[in-house]
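Undergrad: Letter by letter, the chains look like this.
Protein chains: 2
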Amino acid sequence: MKSITTIFLALTVGFAAMAQTPGNVKYVYTEASGLNLIGKILEGTPNPYHRVDTCRYKGFTQSENTQVRCSAGLAVLFKTNSSTISVKSEYGYYNNAPNTMGISLRGYDLYIKKDGKWLYAASRAGNPESDAPLVLISGMDRSEKECMLYLPIYSEMYSVKIGVEEGATLDRLESPFRHRIGIFGSSYTHGISTSRPGMSYPMQLMRDTGLQILNLGCNGNCKMQPYFADVLADADVDALIFDAFSNPSADMIKERLFPFIEKIQKAHPDIPLIFMQTIYREARNFNPVTDSLEQAKMDMAAGLMKEAIRKYDNVYFIVPDTGKDAHESSVDGTHPSDMGYMAWARSIKKPILRILKKYGL
Amino acid sequence: MKSITTIFLALTVGFAAMAQTPGNVKYVYTEASGLNLIGKILEGTPNPYHRVDTCRYKGFTQSENTQVRCSAGLAVLFKTNSSTISVKSEYGYYNNAPNTMGISLRGYDLYIKKDGKWLYAASRAGNPESDAPLVLISGMDRSEKECMLYLPIYSEMYSVKIGVEEGATLDRLESPFRHRIGIFGSSYTHGISTSRPGMSYPMQLMRDTGLQILNLGCNGNCKMQPYFADVLADADVDALIFDAFSNPSADMIKERLFPFIEKIQKAHPDIPLIFMQTIYREARNFNPVTDSLEQAKMDMAAGLMKEAIRKYDNVYFIVPDTGKDAHESSVDGTHPSDMGYMAWARSIKKPILRILKKYGL
Chain A
22 MKSITTIFLA
32 LTVGFAAMAQ
42 TPGNVKYVYT
52 EASGLNLIGK
62 ILEGTPNPYH
72 RVDTCRYKGF
82 TQSENTQVRC
92 SAGLAVLFKT
102 NSSTISVKSE
112 YGYYNNAPNT
122 MGISLRGYDL
132 YIKKDGKWLY
142 AASRAGNPES
152 DAPLVLISGM
162 DRSEKECMLY
172 LPIYSEMYSV
182 KIGVEEGATL
192 DRLESPFRHR
202 IGIFGSSYTH
212 GISTSRPGMS
222 YPMQLMRDTG
232 LQILNLGCNG
242 NCKMQPYFAD
252 VLADADVDAL
262 IFDAFSNPSA
272 DMIKERLFPF
282 IEKIQKAHPD
292 IPLIFMQTIY
302 REARNFNPVT
312 DSLEQAKMDM
322 AAGLMKEAIR
332 KYDNVYFIVP
342 DTGKDAHESS
352 VDGTHPSDMG
362 YMAWARSIKK
372 PILRILKKYG
382 L
Chain B
22 MKSITTIFLA
32 LTVGFAAMAQ
42 TPGNVKYVYT
52 EASGLNLIGK
62 ILEGTPNPYH
72 RVDTCRYKGF
82 TQSENTQVRC
92 SAGLAVLFKT
102 NSSTISVKSE
112 YGYYNNAPNT
122 MGISLRGYDL
132 YIKKDGKWLY
142 AASRAGNPES
152 DAPLVLISGM
162 DRSEKECMLY
172 LPIYSEMYSV
182 KIGVEEGATL
192 DRLESPFRHR
202 IGIFGSSYTH
212 GISTSRPGMS
222 YPMQLMRDTG
232 LQILNLGCNG
242 NCKMQPYFAD
252 VLADADVDAL
262 IFDAFSNPSA
272 DMIKERLFPF
282 IEKIQKAHPD
292 IPLIFMQTIY
302 REARNFNPVT
312 DSLEQAKMDM
322 AAGLMKEAIR
332 KYDNVYFIVP
342 DTGKDAHESS
352 VDGTHPSDMG
362 YMAWARSIKK
372 PILRILKKYG
382 L
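Taken in sequence, the protein lines are chains A and B.
If you want our numbering, it's the 1-based position in the first sequence plus 21.
If you want our numbering, it's the 1-based position in the second sequence plus 21.
Some hints here could point you the wrong way.
No copy labels: a pair is met if it fits in one copy or bridges any two.
Derived lysine-lysine pairs resembling DSS-like cross-links, with alpha carbons at most 25 Å apart [as the list claims (entries may be wrong)]:
id	residue 1	residue 2
1	Lys332	Lys47
2	Lys100	Lys345
3	Lys284	Lys47
4	Lys275	Lys134
5	Lys100	Lys182
6	Lys378	Lys47
7	Lys182	Lys275
8	Lys275	Lys370
9	Lys79	Lys332
10	Lys379	Lys166
11	Lys109	Lys287
12	Lys371	Lys275
13	Lys109	Lys327
14	Lys332	Lys345
15	Lys100	Lys79
16	Lys109	Lys345
17	Lys345	Lys138
18	Lys244	Lys275
19	Lys79	Lys109
20	Lys138	Lys327
21	Lys370	Lys134
22	Lys371	Lys100
23	Lys378	Lys100
24	Lys287	Lys47
25	Lys345	Lys166
26	Lys134	Lys345
27	Lys182	Lys371
28	Lys287	Lys182
29	Lys138	Lys79
30	Lys138	Lys287
If you are wondering where the hints come from, they were derived from the structure by calculation, not from laboratory data.
Computed from a predicted model, the values in this text were never measured in an experiment.
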């Protein structure tokens, strides 16, 4: 067996092999938060790349604290005529889980507008152990481009600096995304098992619909906690979507659902609260105990949501259908790959748009 | 910035979080190669998990040497009535690239037959730094099951032991896969950017068609090298498929294609040689130089293949179409995610079956 060094050699070689620093380019760096940082459910956090100010909101467990500081769902909008784009990062916490690609956990995902649509441009993992800048793309023509750069889903960023070549323009791009639609959810909403940050279903839905989605996905920790309800109550949102039945047990769903709805409705009496059924976990296929526990969660959610819709105004329930390739789209028995997230985003699109339309959104 | 320890803490926490060792189970382990190891293009390698005997075949570069020793495309077939399955591994080389999931690079992917079809059962990354066994699945009923366990795509395995609970059966499963179809290819065939070992397009094609695919994918190193032709010449195969235009430049394709075909036809005059066009790389979207270099490769391949089909018997050319979601399926500008590999496998299925049919396969 090789020593611990090998893992780092492999990592280093991996990073190096993907590097493509163009010769003789002098980059000028600008802090991304000074451009247009979109996707934040709460503005005004002292660290602009934190989703929640963990000094202001209390009650989070250590892992929840870590997660709400991660930049999942955030993106920077800018315009540039630079032929190359580079990033300099300072990481706080970062994650290396083997069920998600490094590019998604610790990396960047660049889209550029082409013919009116966001088109994939480049994606690369950052190396938290190195100060070397990360060249995302080079060799572009010098026309001004509209860029959207997704930040890492499972890293806390102290600083993200966008580098363009000396003499090139770099300007804030006004957001073309409409409204403020918050999503509170589990690992599934967080984007675990994606290949890159832009492939979580909220980000896919955002590109597809033009709606601004504000992602408060927290891996394993979406349990309708009252302190998360505090955050959501304070958020300036036009609608809220919940992936609320993935993490809690059936009993917890029973205990927490109605108080959670009531707390949020007190703050947001007139906006739609859209609950989604949880995913079918492929770990159910050959384990009867897992199967029945998961089914109990789904049954509890379906039963209570039927009641909630009668009991409360503005409450909705969506049951997504991820289609015939669902079994093949599992990464680890719980989370789907990009393919499954695409199927999910497409499945919820019409029902969500139909609901939002009722509210003039 | 956190210290190097963090990365290992994160890895460890990641592994621990996914562990689910059932209490009080005593596992009995059997070396996987003593069961039914399928997918090898050459039999009789001293290490059964090596695809090529690198003492016998000479000329490989260091990275090629490493890659042909990796277990990409290999799977173990067995039957068991154990309620839980565990794996004990000894790793040689292993890879940690951020553009492929750890589960695929260093992990295992278990399918079990259900209603006559292979159904996803479980998948987990191994930890090369730990001797602890990896529990893949537990809590199954005690009926005898037909299992297919894919091995890591980018690790050299010294030993892979399958563990079942004491008293349970563990037997060799005869392969239901037909014929011996070799594939020589690039990273794309190797399975880079997959989420788990069973999601490379050759493995998807194998499950979908029932054909046995023998995967000689070598990341970055499929360049129609004469020493790879030696390996392919010695292989006992009914057909060969080539992803031969992804790694070489246009000039290299020109120089090497016909001699490569001739060398292989000398050994296998009567079997179909099926060449596939290379993938559209999403790195082309905004880089005109990359775009034109890639197009030159594709044009060279298409032009020469037209000539090759006239010049040689039994030579074929397939141009896959990965459909409308191709742009979204890129992981890193070069490799697609599972979604893109699924589209590729589906696109080549009919043309390949049509060709094989001519040969009674």
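Undergrad: At most 25 Å between C-alpha atoms: does lysine 275 with lysine 134 qualify within a copy, between copies, both, or neither?
TA: Close neither inside one copy (45 Å) nor across copies (36 Å); limit 25 Å.
Undergrad: At most 25 Å between CA atoms: does that hold for lysine 100 and lysine 345 within a copy, between copies, both, or neither?
TA: Answer is neither: 40 Å inside a copy and 27 Å across each miss the 25 Å cutoff.
Undergrad: How would you classify lysine 284 and lysine 47 at a CA-CA limit of 25 Å: within, between, both, or neither?
TA: neither (53 Å within a copy, 49 Å between copies)
Undergrad: 25 Å Cα cut-off: does lysine 182 pair with lysine 371 within a copy, between copies, both or neither?
TA: Neither. Shortest intra-copy (37 Å) and inter-copy (48 Å) distances fail the 25 Å Cα cut-off.
Undergrad: Tell me, please, which holds for lysine 79 and lysine 109 at an alpha-carbon limit of 25 Å: within, between, both or neither?
TA: For lysine 79 and lysine 109, neither the intra-copy (31 Å) nor the inter-copy (43 Å) Cα distance is at most 25 Å.
Undergrad: Evaluate lysine 138 and lysine 79 at a C-alpha cut-off of 25 Å and name the case that applies: within, between, both or neither.
TA: neither (40 Å within a copy, 50 Å between copies)
Undergrad: Regarding lysine 244 and lysine 275, is the shortest C-alpha distance of 25 Å or less found within a copy, between copies, in both, or in neither?
TA: Within one copy only: 11 Å inside a chain, 60 Å across chains, cut-off 25 Å.
Undergrad: Check lysine 378 against lysine 47 for me: Cα-Cα at most 25 Å, and say if that holds within a copy, between copies, both or neither.
TA: neither (48 Å within a copy, 58 Å between copies)
Undergrad: First find the shortest C-alpha distance between lysine 100 and lysine 79 inside one copy, then the shortest across copies, and answer within, between, both or neither for a cut-off of 25 Å.
TA: This pair counts as neither: shortest intra-copy Cα distance 37 Å, inter-copy 52 Å.
Undergrad: Check lysine 332 against lysine 47 for me: Cα-Cα at most 25 Å, and say if that holds within a copy, between copies, both or neither.
TA: Neither, since 62 Å and 52 Å both go past 25 Å.
Undergrad: Cα distance capped at 25 Å. Does lysine 379 pair with lysine 166 within a copy, between copies, both, or neither?
TA: neither (35 Å within a copy, 51 Å between copies)
Undergrad: Could you figure out if lysine 109 and lysine 287 sit no more than 25 Å apart (CA to CA) within one copy, between two copies, both or neither?
TA: Answer is neither: 42 Å inside a copy and 54 Å across each miss the 25 Å cutoff.
Hint compliance for this structure: hints 1, 2, 3, 4, 6, 7, 8, 9, 10, 11, 12, 13, 14, 15, 16, 19, 20, 22, 23, 24, 27, 28, 29 and 30 are broken, all remaining hints hold.
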